[in-house]
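Number of protein chains: 2
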Amino acid sequence: MAIAKNKGFEVTALSFSYGQRHSIELRSSKRIADHFNIDHRVFNMDFQQIGSSSLTSSVPVEKRDLSAIGNGIPSSYVPARNSIFLTIAAAFAESLDARTIFIGANAVDYSGYPDCRPEFFSSMERSINLGTKAGINGRIRVAVPLQFLTKGEIIRRGISLNVPYEMTYSCYNGEDEACGECDSCLLRLKGFMEAGIPDPIRYKKYPEFYLDFLKK
Amino acid sequence: MAIAKNKGFEVTALSFSYGQRHSIELRSSKRIADHFNIDHRVFNMDFQQIGSSSLTSSVPVEKRDLSAIGNGIPSSYVPARNSIFLTIAAAFAESLDARTIFIGANAVDYSGYPDCRPEFFSSMERSINLGTKAGINGRIRVAVPLQFLTKGEIIRRGISLNVPYEMTYSCYNGEDEACGECDSCLLRLKGFMEAGIPDPIRYKKYPEFYLDFLKK
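First to last, the protein sequences are chains A and B. Just so we're aligned, residue 259 is where the first sequence starts under this note's numbering, counting upward by one. Just so we're aligned, residue 259 is where the second sequence starts under this note's numbering, counting upward by one.
Treat the hints as calculated values from the structure; they're not laboratory data. A couple of the hints might just be wrong.
Said to hold, decoys possible - Computed from the model, here is a short list of chain B residues facing chain A with C-beta under 8 Å:
| # | residue |
| --- | --- |
| 1 | Asp304 |
| 2 | Gln306 |
| 3 | Gln307 |
| 4 | Ala348 |
| 5 | Phe350 |
| 6 | Met382 |
| 7 | Leu388 |
| 8 | Gly389 |
| 9 | Thr390 |
| 10 | Gly393 |
| 11 | Ile394 |
| 12 | Arg397 |
Glycine included, C-beta positions come from ideal geometry on N, C-alpha and C.
Using the sequences and the hints given, assemble the complete structure.
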């Protein structure tokens with residue numbers, strides 16, 4: 259959102275309330291949109307109607323070491339989530355007469371989600387253009403500006419754009435305080451460590467590698 | 259559904275309750291699934307959150323002649339509808355471990371919907387395979403068996419498979435009795451006429467071309 263705004267786009271933010279365990283993230287996304295003075299929409303749909311992910315069911319989110327991330331597809335994988343998000347974003351884009359859909363996905367530190375791969379986004383851009391009126395009349399672009407950045411580069415980019423990281427939320431467990439143990443917390447802390455900046459949010463528990471970084 | 263069942267597939271039917279004016283179609287889809295002894299799911303999502311279609315708002319569905327159908331994109335176009343339906347179907351397919359998604363779209367008698375074009379379905383099949391776990395593990399196929407059939411051929415195909423047409427519903431207006439004036443009613447009646455078979459459902463009003471056919 260900060261990148262799009264910085265590039266001069268007139269931005270509408272779109273979040274999804276999809277039955278995620280960590281729906282608390284919607285509170286953060288609203289706050290951050292307000293911070294940047296951006297119109298914020300929430301699309302409601304219940305992925306629990308589909309099932310089979312730890313993010314939308316009572317299956318616990320697994321805990322593992324940073325080194326294990328990227329081996330196989332984690333239980334937090336939600337079937338076809340980015341596909342569904344992007345097609346709904348395309349419908350919004352049509353109704354708003356918007357031409358660019360930004361999505362904050364990242365392919366570096368590949369964490370096992372097939373719908374974060376670059377070839378997926380380029381194929382979906384083509385599908386969206388073929389399947390919409392907007393695509394016939396012009397061209398819709400799917401922009402994935404964080405795609406090839408490392409987590410550390412993402413953090414630094416955000417710092418340069420005054421992203422209020424203290425307002426952000428990443429933990430899969432959805433409690434007020436981040437767990438510090440799920441994939442999402444580990445990758446986030448790794449990013450701050452790589453950027454050489456301490457993470458401003460609080461964690462219940464800190465992984466060893468991050469404690470070592472703080473000591474330096 | 260009849261074609262998939264006839265080909266030996268173990269079928270789960272998926273319908274969408276999306277805020278359509280003609281949600282009465284869901285009653286029909288359930289009856290037809292029961293008729294074929296097929297498990298029927300309904301995915302709920304509200305397209306009225308997106309807006310800008312006569313099918314999901316109070317904008318009236320336009321009336322026009324059969325000859326005008328295919329000129330431009332009608333008001334009944336729902337932004338990115340088939341894109342969204344297919345990505346949700348892909349998520350269901352993953353959770354059911356299904357390998358084939360059948361969709362009853364038709365490209366002949368092109369009625370102005372970009373998301374009924376053959377190139378759209380092949381691109382979406384590729385996107386779904388790139389964006390899902392199922393696509394990594396094997397291959398999901400998007401089957402569009404009615405794609406290249408005329409409306410008349412579709413009716414005849416259904417007759418040969420004992421489709422209970424008296425249970426089906428096509429009208430965009432969503433009242434108990436079909437209007438006989440919307441694009442969907444006109445194309446349906448044209449199909450029965452081409453097949454040389456009278457339509458078993460009742461209409462409020464019959465177009466001239468169909469009355470002429472009945473007289474023969």
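Against the structure, the hints:
1. Asp304: B:Asp304 check passes; min Cβ-Cβ to chain A is 7 Å, inside 8 Å.
2. Gln306: violated, 11 Å
3. Gln307: Check passed: Cβ of B:Gln307 comes within 6 Å of chain A, closer than 8 Å.
4. Ala348: Interface hint status for B:Ala348: holds (4 Å vs cutoff 8 Å).
5. Phe350: Nearest chain A Cβ about 6 Å off; hint holds.
6. Met382: Holds: closest Cβ of chain A sits about 5 Å from B:Met382, inside 8 Å.
7. Leu388: holds, 4 Å
8. Gly389: Status holds, d = 4 Å.
9. Thr390: holds, 5 Å
10. Gly393: holds, 7 Å
11. Ile394: holds, 5 Å
12. Arg397: Result: violated, 13 Å to nearest chain A Cβ.
This entry does not satisfy hints 2, 12, going by the numbered hints stated previously.
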